[in-house]
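Student: Starting from the structure of chain E, add chain Y where the hints point.
Protein chains: 2
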Amino acid sequence: MSLKFDLIKTDGNARRGRVHTAHGDFDTPAFMAVGTAATIKALTMDMVRDTGTQVILGNTYHLMMRPGGDLVEKMGGLHKFGGWTGPILTDSGGFQVMSLSNLVKMKEDGVEFTSHIDGGIKHFLRPEDSVHIQHQLDSNITMVLDECLHLPTTRERAEKNVDMVARWAQRSKDAFIDRDGYGIFGIVQGADYPDLREKSAKQLTEIGFDGYAIGGLAVGETQETMFNMIATVTPHLPTDKPRYLMGVGTPLDILGAVERGVDMFDCVMPTRAGRTAQAFTRHGTMNMKNARFRDDESPIDDKCGCPACKLSRAYMHHLIKCNEILGAMLLTQHNLWFYQDLMRDIRTAIENGNFAEFKREFIRNYTGEE
Amino acid sequence: MSLKFDLIKTDGNARRGRVHTAHGDFDTPAFMAVGTAATIKALTMDMVRDTGTQVILGNTYHLMMRPGGDLVEKMGGLHKFGGWTGPILTDSGGFQVMSLSNLVKMKEDGVEFTSHIDGGIKHFLRPEDSVHIQHQLDSNITMVLDECLHLPTTRERAEKNVDMVARWAQRSKDAFIDRDGYGIFGIVQGADYPDLREKSAKQLTEIGFDGYAIGGLAVGETQETMFNMIATVTPHLPTDKPRYLMGVGTPLDILGAVERGVDMFDCVMPTRAGRTAQAFTRHGTMNMKNARFRDDESPIDDKCGCPACKLSRAYMHHLIKCNEILGAMLLTQHNLWFYQDLMRDIRTAIENGNFAEFKREFIRNYTGEE
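Protein chains in written order, with this note's numbering: chain E, 1 to 370; chain Y, 1001 to 1370.
So here's chain E without its partners, still in its complex pose (with noise of 0.2 Å):
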């Protein structure tokens, strides 16, 4: 294992840093565009970069079923099949087996499945071969097979999880070859129950990974139980790896893991969001559908330096009426240049030492409550 990571300054728990890889660096705190089928939906590499992208994230699910790990590695890996030449993290393929598969058989060895992407072929995934998968992809960040639950789910569920999940994490890293700017992490679990959290914070630690991240929150507990569980875990980790939360999340929820610790996120809600009308300001969301936009001169925000900020939001409301394919590109790269922003502003308030201060702020604008 080969990632290295550089701890710049710390302010509280809250943590400034930069993780080298061999397609170059980028900056923590950082947030992850999803680029589910090896493209950020409905925006070019080009305007992914624009919005301050450092590292994008691609699914191994996705990816497996459709062109496939083969065809990914003849084409050379997925930064050239897609034209990302930055870092990229890949998942595990785990979650979306969860969420997206039929037939899903839990066994020790790997779990069962079937897709309907490839008209229900029955798949099954080892640790082994998600890692061999991502090893295709050539991913930067190669993530460890896990299982995530749903939550509330049993202790005694949530415990057999736990130790499932170490073994498979062993098992990944196993798996797992040694290349300079490359390097694997672990995922801790253990559901909402504090104790079976630092379990396996511990298991993962003593197994030893390039790096550690939450997984199973943001699956239906609210906002103070995912705080709670983050609080739990990252004094468990070592200070000199980044953490990451998967798939978390709003920009309340990112200040908020920030402020416990956390340095990575991922998250398809700015993109998905951008598909469906969404524009994200500092002010909070706005649906460009609303009739109330059809003849407003201003920028969806007038802090913002993307392109759509240099249009009206009649245009963008116009594009919208007309489903215009424009609208949904305007609008993701518009949404993730706000998310990339906000990182952005995170890691300087941190450098600065006034990450409470700027979160306070960030989050009075943004709701409207003092």
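Mixed in with the good hints, there may be bad ones.
What the hints assert, rightly or not - Computed list of lysine-lysine pairs in DSS-like fashion (alpha-carbon distance at most 30 Å, straight line): (1) Y:1160 / Y:1105; (2) E:321 / E:289; (3) Y:1289 / E:74; (4) E:74 / Y:1321; (5) E:122 / Y:1074; (6) Y:1080 / E:321; (7) Y:1303 / E:74; (8) E:321 / E:9; (9) E:289 / Y:1080; (10) E:107 / E:160; (11) Y:1074 / E:321; (12) E:9 / E:303; (13) Y:1303 / E:321; (14) Y:1004 / Y:1359; (15) Y:1105 / E:289; (16) E:310 / Y:1074; (17) E:310 / E:289; (18) E:303 / Y:1080.
What the hints assert, rightly or not - Estimated spans, in silico, between C-beta atoms of each pair: (19) E:76 / Y:1345: 26 to 34 Å; (20) Y:1285 / E:272: 29 to 37 Å; (21) E:66 / Y:1121: 42 to 50 Å; (22) E:25 / Y:1046: 24 to 32 Å; (23) E:268 / Y:1351: 46 to 54 Å; (24) Y:1239 / E:287: 52 to 60 Å; (25) E:268 / Y:1223: 44 to 52 Å.
If you are wondering where the hints come from, they were derived from the structure by calculation, not from laboratory data.
Quick caveat: nothing in here was measured; it's all calculated off a predicted structure.
For glycine and all other residues, C-beta sits at the position ideal for the given N, C-alpha and C.
Tutor: Chain Y in isolation, oriented as in the chain E frame:
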């Protein structure tokens, strides 16, 4: 009227020129990208510019329906509304009224129709209304309202059409407000009757316009008929004004029309094809859905400099198979890039006095025929 046109060079009947507008110049022969609803579908205006596009076309029919001429005027015109800073030509709305509307009634005063877009409200469009809306759009080149006949048609119908088109052209010109860098074009009709085409050209020349369009072609006739009609019309048009063949066409249509003295073109072909998996190449078109591209590492066209051609056919195939918006985006840009490369090569060939040779070579490559 004050739209300046420089005729720089001729090669046989082919012409190399430049049109000067209040929003910059464009070189002819020119291909105008079709921006129906204040957007070139699936492209940002930056992506359009990158293709080499210098002038775009807006559809008055769509814009008068959504968002309406009043709104675009309030927003500062089409350039500002959609973010295209270069020259814009708008059609009169007449062609779409007849092809897309219901209950069309042609009267001497104008055309009556209903549209599904606004739920079937009855509209009446007179030549003066069309010019007024094009003023609201701040279009650099206004087109007169005409009536476009489907082919074949009777001589009697075509005769009536030619005379009414001339009266409407006069009314359009009378309604046009002179401004520096803005102009109005007449439209020659006459179906496939050479003497009527000649008559129409003479009637319009007598009224006097900044440029002359040839309308009512590419509506079902053979390419040979189209070429014959162009060759019939152009000798009767002034040499010091640009000629515009409306709604045309394939690369081979364009080459044949340039050879007969046409300067400007517009067509949905490259952009529409981009949304239906069709790619233009120097060796003809390809359907990127075709399974033979699944593992094809080569670019769509190795002579093309567009972003899609920095990636593989395999990637384009993957995007199309997954219904990814990026597939439409990249293919649309590629196709427009291909068309603009063709226009640039045509202009260079005319400058070098070897247009005939260039045309022969292009056709040989494109069709595979000697």
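Student: Taking the earlier hints as the rules, which of them does this structure contradict?
Tutor: 5, 8, 13 and 15
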